[in-house]
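Visitor: In order, the protein sequence lines correspond to chains A and B.
My numbering numbers the first residue of the first sequence as 89 and each following residue consecutively.
My numbering numbers the first residue of the second sequence as 218 and each following residue consecutively.
Hints in this document: simulated from the structure, not taken from any laboratory.
Careful, some of the hints might be misleading.
[Said to hold, decoys possible] DMTMM-like, lysine to aspartate or glutamate: derived pairs with alpha carbons at most 20 Å apart:
id: 1; chain 1: B; residue 1: K461; chain 2: B; residue 2: E472
id: 2; chain 1: B; residue 1: K222; chain 2: B; residue 2: E488
id: 3; chain 1: A; residue 1: K103; chain 2: A; residue 2: E177
id: 4; chain 1: B; residue 1: K509; chain 2: B; residue 2: E488
id: 5; chain 1: A; residue 1: K104; chain 2: B; residue 2: D456
id: 6; chain 1: A; residue 1: K103; chain 2: B; residue 2: E488
id: 7; chain 1: A; residue 1: K233; chain 2: A; residue 2: E308
id: 8; chain 1: A; residue 1: K103; chain 2: B; residue 2: D448
id: 9; chain 1: A; residue 1: K103; chain 2: B; residue 2: E397
id: 10; chain 1: A; residue 1: K104; chain 2: B; residue 2: E488
id: 11; chain 1: A; residue 1: K104; chain 2: B; residue 2: E458
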Amino acid sequence: MAAIEQLTQDFLRTKKLPHIWCPGCGNGIVTAAMVRAFKRAGFEQRDIVIVSGIGCSSRAAGYLNFNTLHTTHGRALSFATGLKMARPELHVFVIMGDGDCSAIGGNHFIHTARRNIDLNAVIVNNHIYGMTGGQHSPLTPSGKKATTAPLGTLERSFDLLELARGAGATFGARGTAAQPRQLEQLMVRGAKHKGFSVIEALSPCPISYGRRNKLGGPVEMLLDIKNKSVPVERASEMSSEELEGKNVTGLIYAYDAPEFSEEYYRMIEQFKDK
Amino acid sequence: MPEKKPVLMQGNEACAEGAISAGVRFYAGYPITPSTEVAEHMARRLPELGGVFIQMEDEIAGMAAIIGASIGGKRAITATSGPGFSLKQENIGYAIMAEIPCVIVNVQRMGPSTGVPTAPSQGDVMQARWGTHGDHPIIAFSPASVYETYYLTIAAVNLSQKLRQPVIMLLDEVIGHMREKVLIPDTGKLMVEKSSDNVPADWKPYDEKGLTPLVPFGFGHYYHVTGLFHDQYGFPSGDPEVVKRALDRLHDKLEKYRDEIVLTNYVGHKEPRVAFVTYGCSVRSARAVVKKAYWQNRWPVGLLSLQTVWPFPGREVEALARQADVIIVPELNRGQLVREVERYSRGQAEVVPVNRYDGEMITPDQLMEVLGRWLP
Ligand code: SF4
């Protein structure tokens, strides 16, 4: 059996396919990159846990053949924190959408970053609430239309990776569904990083976002994402005007800092044999 | 029986110690009056025992974290009070649906809203029943003393494990902050066997055949957990038949083990003319009255105290209503559980509510006065 087929057999719940996603959705590409990253990171299947929130991308948990936990809207990181603290040996990956993570889950996101607990967050950023039909999220670019912003949203979107960095995350990377190999590599690095790692995956939602904003079909959207992405190495030589409307991709930051679960268990060592 | 030693303890501490005795090794929560001592006690004790204490960023996260820990195989508890209890409701519903064992302590304070944070109340009885959305089953205990708090918390943890059902400990400010003597077993093995041992090969996480233990994550059983309606393997389903069966199963589970869940205690005259039915701190005032009226004066008076408020002890109340002419229901609210008492009395006894909601306890004198309408 070819390696890829073996991977599909082992890591996907093939009986649960086909998935619920619309044709042309980027969620499948991101999920596939994750599966390949698990393999390359070399973790045992039984040690991998997938936690997800609520939204289109969070449904990925149901298709992945691991211990999977599909939680409540915005709270995936808090469920994951409890699990990781109870079982620090597990590799915990948390799939969230942009609304899930940055709006309703914003508080948990910054505090998970602050603790620097060894969770791997994968945020599928399609700039919209897809499952509920296209409402604007904190990551919808200003001016873009949504069912709840028919004239274009007036709100400013924020940079999720900078938010995480400010809050204390020790690993931040951005990839895209248009460049799945790079995304996979970033996921491997994030998985191996000790501490809270944040990977933002830009992904097309042709149905709830693309159509309303006249961004074309899946192919046009993927091309657009690709064209707007600037590798971090090149971005450092560009002016802020040149970077306007672009997305910097690659490993944005990574540094070492004490990891929460390890520190906790080290702290309570003193009570052993007492 | 293991040897017991008497300890002077606060209700909130007894709750924490009871949880520890029952094997709880994980606490996540957020500070709130008047429950904070539970967290503070756990913050000192759990590290000594190799357990985890974590103060989360908010109430919602505290609830989510104990569910996560429970899925990881740790016995887990959180404590809160009114406003925090409101915030926890969504994830309580999740734990019910996903059948994740956990215990939620709500030390009731005077509401609504911020209310009087330091005043006692029994205003969350209906919230404990219906606080989370959907037609769900729930278990809630309401202790009337520090001693009962300790033992009911142990029962709550063990039942929650056995039934894979969240259990609410409905304390109130009086019980939470009172100090009383508790007999703590010295070498108590008070926890039931670990539920994940001896997993059969054909284990299904949501077996329709009956109770099935939760196998923690990380042991090679790649099942799915979700708050969506799901089949026996945990996978989402919107099939009307699956949905109905799943919801019935959640309720049937509690019905089947009712005798282990529904705990009540009757004291007083064998054939009472007037009986009190109450729970939590209000039991204490009613007991003082029964002491005087029955033990001293031999009046036909009794007291049915409800350690379990949910599922409601309907059969016990119905039996009492057949015997007594009058049932008095003291509560620190405008009348919540009294409606259940009326429902199960089925018109066989006159049901009289006694309510107080000014942040003070119902006094024995107040109850004596009510009793005086019928006796001596
Ligand atoms: S609505 Fe958008 S994000 Fe959701 S499945 Fe369809 S294309 Fe994907």
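Visitor: Compare the structure with each hint and give your call.
Guide: Comparing the hints with the structure gives:
no. : hint            : verdict
1   : B:K461 x B:E472 : holds, 16 Å
2   : B:K222 x B:E488 : violated, 37 Å
3   : A:K103 x A:E177 : violated, 29 Å
4   : B:K509 x B:E488 : holds, 17 Å
5   : A:K104 x B:D456 : holds, 15 Å
6   : A:K103 x B:E488 : violated, 63 Å
7   : A:K233 x A:E308 : holds, 18 Å
8   : A:K103 x B:D448 : holds, 14 Å
9   : A:K103 x B:E397 : violated, 58 Å
10  : A:K104 x B:E488 : violated, 62 Å
11  : A:K104 x B:E458 : holds, 19 Å
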